[in-house]
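Number of protein chains: 2
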Amino acid sequence: MTPMVLKRWLVGDPLKSAQAGHQRLSKTIALAIFSSNAISSVAYATEEILLVLVLAGTAAVAWSIPISLSILLLIVILTISYRQIIYEYPEGGGAYVVARANLGEQPALIGAVALMIDYVLTVAVSVAAGVSALTSAVPSLFEHRVAIGLTATVFIIVMNLRGVRESGKFFAFPTYFGIGILGVMVGIGGIQAFFGQGASVSTDHQTAVEDLTLFLILRAISAGCTAVTGMEVISNGVKTFRQPESQNAAATMLYMSLILGALFIGISVLASHFGVQPKLDETVVSQLARLTFGTGALYYALQFGTMLLLVLAANSAFAAFPQLASILARDRYMPRQMATFGDRLVFSNGIFILGVIACLLLIIFHGDPHALIPLYAVGVFISFTLSQAGMVRRWLSKKGPHWQTKLIVNGLGSVSTGIAIIIIATTKFTQGAWIVFVLIALLVWMFRSIRAHYKAVSEQVALTRDHRPPLPRRNIVLVPINGVNQAVIRAVDYARSRPGEVRAVMVDVDTQATARIQIQWAQWGCGIQLTILPCPYRSVLSSLLDYVEDLLNKEPDTWVTVVIPEILPAHWWHGVLHNQRALLLKASLLFKERVVLIDVPFHLKR
Amino acid sequence: MTPMVLKRWLVGDPLKSAQAGHQRLSKTIALAIFSSNAISSVAYATEEILLVLVLAGTAAVAWSIPISLSILLLIVILTISYRQIIYEYPEGGGAYVVARANLGEQPALIGAVALMIDYVLTVAVSVAAGVSALTSAVPSLFEHRVAIGLTATVFIIVMNLRGVRESGKFFAFPTYFGIGILGVMVGIGGIQAFFGQGASVSTDHQTAVEDLTLFLILRAISAGCTAVTGMEVISNGVKTFRQPESQNAAATMLYMSLILGALFIGISVLASHFGVQPKLDETVVSQLARLTFGTGALYYALQFGTMLLLVLAANSAFAAFPQLASILARDRYMPRQMATFGDRLVFSNGIFILGVIACLLLIIFHGDPHALIPLYAVGVFISFTLSQAGMVRRWLSKKGPHWQTKLIVNGLGSVSTGIAIIIIATTKFTQGAWIVFVLIALLVWMFRSIRAHYKAVSEQVALTRDHRPPLPRRNIVLVPINGVNQAVIRAVDYARSRPGEVRAVMVDVDTQATARIQIQWAQWGCGIQLTILPCPYRSVLSSLLDYVEDLLNKEPDTWVTVVIPEILPAHWWHGVLHNQRALLLKASLLFKERVVLIDVPFHLKR
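Taken in order, these protein sequences are the chains called R and E.
As numbered in my numbering, residues 2 to 607 make up the first sequence, in order.
As numbered in my numbering, residues 2 to 607 make up the second sequence, in order.
Read the hints as simulated data drawn from the structure, not as lab findings.
Be aware that a few hints might be false.
Claimed, not checked - If the Cβ cut is set under 10 angstroms, some of the chain E residues that face chain R in the computed set are:
hint: 1; residue: Lys170
hint: 2; residue: Met335
hint: 3; residue: Ala457
hint: 4; residue: Val458
hint: 5; residue: Val485
hint: 6; residue: Val489
hint: 7; residue: Ser540
hint: 8; residue: Ser544
hint: 9; residue: Tyr548
Even for Gly, the Cβ is constructed at its ideal location relative to N, Cα and C.
When you get a sec, could you build the whole thing from the sequences and use the hints?
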């Protein structure tokens with residue numbers, strides 16, 4: 002199977018550009034694609050809060066309820082604020098577009114970079130947490146967690162390269178299955194809790210290793226902030242919704258937030274009620290499920306559903322990251338290849354790069370979600386704050402109906418997420434958040450350099466009005482030969498058909514052969530002058546290059562055209578039997594100014 | 002440090018071709034370079050004989066003396082025969098040249114291939130045995146034997162790339178040191194043995210695991226044949242001696258044989274006298290040295306000298322293998338790159354290939370000389386027999402003074418080495434000798450195929466007397482553009498200066514951009530027709546290739562010239578920011594017939 006056939010089998014046949022319109026998403030499919038990112042975080046958000054609180058002993062765990070409620074408040078604020086953004090920016094683009102329009106280049110780039118880092122982490126964290134859900138249920142797979150995570154990531158990459166609608170269809174069922182079964186657990190658990198029956202309450206008491214300080218509570222809040230990651234995804238992808246795009250996107254945003262809020266608060270309350278504490282080898286959700294369902298078919302269904310939901314959450318980053326990269330590439334902050342549709346109408350390069358970096362993170366952090374989470378959430382909150390701040394500026398300048406209310410909503414969003422950044426940065430800085438800040442600075446610098454480069458290029462190639470670049474004053478045509486044969490004669494004939502002074506040049510490696518060729522040249526050379534170049538160090542290439550260099554130096558207005566007679570073997574493996582001189586010569590001459598290369602091929606038949 | 006600077010530091014500055022004459026060797030240096038191969042085999046030949054005999058119990062070891070004497074006889078016969086070859090073929094070349102002149106192509110190729118295999122094994126076996134000498138003295142290094150062997154091989158490669166005379170000087174002292182100290186041991190041991198004093202006789206008796214059959218004795222003889230490997234090296238390298246080449250080479254041959262014979266028979270006699278038996282972790286020579294010198298400074302000096310001698314023996318193969326390869330390349334049996342002098346006046350490619358294969362063998366066989374030795378000696382004896390047989394044919398046809406005597410000498414050589422092949426093949430076939438036979442067949446087939454290919458190529462490019470290949474009937478000049486800028490205009494101007502129909506072609510990736518460019522083209526295009534190519538699958542490359550293919554198919558007499566405007570970045574790392582379309586286009590068009598490529602560069606300054 003050739004690589005091309007393999008590619009077709011994996012990602013499908015190319016799609017025509019004209020088919021692009023049909024790739025729009027219905028609300029049902031869009032909810033599956035875009036919501037898994039945010040909703041799946043309920044699988045680890047409560048656990049991250051408890052992991053911090055338990056440091057202050059079992060009693061401190063009671064703080065998880067007020068902390069969860071504060072996160073819920075954040076969800077409400079973000080939902081309202083983002084619905085306003087969706088209506089104002091039906092083109093999509095989220096933080097970057099909003100900040101660029103209202104705050105300027107630098108904040109926009111910071112927002113974009115922060116989001117991109119977050120998408121990469123979304124893939125790594127979600128896949129790692131999904132594998133944790135699996136290994137909680139099947140502990141024997143624990144040692145293979147990195148391999149399982151990588152397999153899942155590669156699978157998602159391939160699915161995304163096939164195109165966004167198909168991946169939506171493919172992923173809708175498992176997403177809804179995961180949401181449904183988590184809902185069932187919260188429902189049954191809630192009823193049990195209400196009637197005080199069912200589950201056995203955990204009795205082992207953790208001793209405190211830290212005091213219950215304000216700092217610890219803030220750390221717990223910043224750990225819980227992972228619950229809201231992914232809420233911005235819909236605002237980036239408004240364009241992929243069916244018409245009317247904004248209404249559909251806003252409705253989807255609302256459904257998503259309702260599900261997210263209900264599941265998150267439900268799990269937090271149940272965990273608190275049943276006194277569940279985080280364990281090294283089993284997730285909090287898995288413990289809750291065992292308490293609610295017992296370790297039966299329903300328990301395994303829930304673990305499997307959670308895993309699917311998490312692994313597919315990664316998928317939402319695969320929809321968002323390449324889209325953002327393509328917007329940046331269109332604005333020349335990223336290599337232009339990122340803006341090109343692949344042959345399945347998706348931004349293949351973005352998908353590929355995201356996948357590769359996420360795989361590297363899984364390998365480096367041994368597929369451990371807790372190790373990755375401190376890096377997470379920083380980026381997304383920076384982008385939240387920037388887009389909300391951008392909206393505030395927008396309302397102030399644009400005004401329009403009800404602008405005061407809208408200003409207050411976005412203002413609240415911007416202040417609350419800004420506070421969250423300060424909390425996250427202070428409490429997680431030494432745990433890895435500093436890496437994200439350094440990365441943001443580096444990438445912003447890189448993106449600006451890329452734009453500067455593209456600008457420099459376009460200035461250099463720009464045509465000045467009505468001033469055509471001058472033609473070379475003189476053109477010397479060189480034909481390097483190493484014998485007299487059909488390939489050489491063909492090149493010489495081609496060179497003679499050009500205006501300009503034609504010279505054949507030959508490097509004197511072997512004096513006897515040179516003498517013989519000079520005699521043959523007298524017959525076949527059509528009176529063209531044959532220059533013999535000395536070659537004291539037996540390097541044909543450097544003798545030729547020196548000669549060309551000399552010509553160019555002597556006459557600064559002269560261009561040199563080198564006509565290379567290239568003998569091409571009938572089979573590639575014959576290549577080892579021929580000196581690769583033509584190739585080396587072409588590669589060396591390419592980087593000389595005022596040198597034009599002409600390749601006259603002679604194809605061997607056998 | 003750039004790769005080029007590193008190369009210069011390792012192998013030295015390039016030497017001029019005119020300096021070639023100065024690289025001739027004096028007898029003293031030539032003996033050091035060429036004799037280490039043959040003489041160093043005394044370090045393991047006796048041990049290999051004993052290893053076979055001991056299978057039939059301690060009593061059978063007595064057979065080592067008559068077996069060693071038979072090997073000594075072989076040394077005498079070969080010395081006389083090879084001196085005749087040296088005088089008859091002052092050009093050098095050994096088995097291949099002699100067999101080619103007198104027996105024809107097939108025997109010559111078999112001889113050459115057999116020798117080449119043997120040179121590779123010489124490097125691997127000698128380095129491995131040298132490391133054994135070291136680890137006999139310093140057992141703690143045993144576990145690092147592969148790494149030590151590889152380091153030594155790389156060192157020899159680098160030294161040889163510096164040029165043959167310098168390596169001769171560098172290696173002369175250790176070679177003579179090794180020979181000298183082995184001579185001292187044989188001398189002192191001989192005196193001790195004569196007066197019946199000194200060493201303690203080993204007392205542990207080995208029980209027989211096999212009967213002392215004729216087959217076992219023949220196996221011991223074939224094991225001992227490793228002693229004569231390397232005797233042919235001088236006859237290959239006559240050209241590198243100072244004038245008079247033949248006399249100097251013949252004299253050197255004699256000295257070498259005298260030293261070889263004396264050391265080999267001395268070690269065998271001493272081993273037999275002192276009852277030394279082969280051990281797994283210590284070489285026979287090391288045991289002998291302990292018995293003769295005690296484990297003092299002299300013992301360590303001997304082990305170190307033996308090691309140096311063996312490692313440098315590999316060096317003689319580095320002089321001989323590239324020389325043979327270059328002769329084969331000149332006769333077109335090997336890729337012509339093998340015949341090119343490198344910039345230090347040595348055949349760099351041959352040195353490099355020999356080194357790499359030897360390193361692979363060391364890794365595959367874990368640096369164990371006993372595992373490599375069964376492969377060894379087959380090849381060299383095939384080449385002995387073929388060159389002696391060739392000389393027999395020569396005397397029969399050429400005659401000349403004393404031809405009958407010379408005929409008898411070479412006849413004896415040919416018959417005795419022929420018998421040795423039969424013995425080696427029968428006794429070692431299943432131990433690995435079969436691999437060598439298969440390899441010989443394969444390589445002979447490969448070499449013949451290479452020659453057939455070169456013949457086919459020269460037939461295809463040959464010019465028929467006074468019949469010049471016809472010029473293309475029509476020439477269409479295409480300029481692929483993706484915008485209107487200085488690079489494109491330069492290419493268009495260049496194309497217009499050519500005779501032929503010029504067309505600009507553009508692939509319609511983005512309809513809006515295409516419309517804009519068409520308007521610009523009206524101003525700048527000089528009335529040249531702009532063809533817009535459809536691009537349903539967004540692949541610029543395949544749209545262009547399809548168009549060229551169409552043109553070629555429609556008119557079989559037409560040639561297509563593609564003028565590529567290539568924007569070249571100021572720094573190579575800018576390359577990632579540009580589509581590599583020019584490169585891909587050039588690579589794809591190169592393999593199309595009737596397509597000439599013109600590369601018009603536009604160099605960015607920043």
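Hint check:
| no. | hint | result |
| --- | --- | --- |
| 1 | Lys170 | violated (23 angstroms) |
| 2 | Met335 | holds (9 angstroms) |
| 3 | Ala457 | holds (5 angstroms) |
| 4 | Val458 | holds (6 angstroms) |
| 5 | Val485 | holds (7 angstroms) |
| 6 | Val489 | holds (8 angstroms) |
| 7 | Ser540 | holds (7 angstroms) |
| 8 | Ser544 | violated (12 angstroms) |
| 9 | Tyr548 | violated (18 angstroms) |
Consistency note: the structure conflicts with the earlier hints numbered 1, 8, 9.
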